[in-house]
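K.L.:
When the letters of the sequence shown are read in order and numbered with mature numbering (1 follows the signal peptide of the UniProt record, and there is no 0), they come out as residues -26 to -1, 1 to 90.
The set of hints was computed from the structure by calculation and includes no laboratory data. Cβ atoms here follow ideal geometry from the backbone N, Cα and C, with glycine treated the same way. Watch out, some of these pointers could steer you wrong.
Said to hold, decoys possible - The list that follows gives simulated cross-link-like pairs (lysine-lysine, DSS-like), each with its CA atoms no further than 25 angstroms apart: (1) K6 / K35; (2) K90 / K77; (3) K77 / K35.
Stated by the list, open to error - Pair ranges (Cβ atoms, derived): (4) A34 / R61: 17 to 27 angstroms; (5) P14 / Q66: 11 to 21 angstroms; (6) D10 / S37: 15 to 25 angstroms; (7) G18 / T39: 17 to 27 angstroms; (8) G76 / G18: 26 to 36 angstroms; (9) K35 / R15: 18 to 28 angstroms; (10) A34 / R57: 30 to 40 angstroms.
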Amino acid sequence: MIRHASGAVRAALAVGVLLAAGPALAGSKLQKLPTDYVFPRGDGSPGPVMFSHESHVDAAKPSCTTCHPREFRVLEAGRTASREPIRHDRMQAGAACGACHGKTAFGFDSCDMCHK
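All chains, full assembly: derive it from the sequences and hints.
P.N.:
Right, dumping it as structure tokens:
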């Protein structure tokens, strides 16, 4: 069924599945989260960036809708909602990772916080 649904319908179904799993995610080990994602290394990048849901989800109060689908695509790892590339200038302007980083989460002062 999901295979034939539109992108918006697939995204809504995916968010619904993740929300329904909410209580299961609240344990000490977040087992239902997607695997870590390594972004392709861009020109001039000091190192690869690995995104981990485990370090971005509050285990006591998990919520996928904080980022999905508003900032990032649900079924396409490493893609923004608008499908624009994730770039530093856009992040520093508040897009993608910059929706939190530089505001409520650590900023862009130290490259090695994200680039390993």
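K.L.:
Output the indices of the hints that this structure fails to meet, ascending.
P.N.:
4, 7, 8, 9
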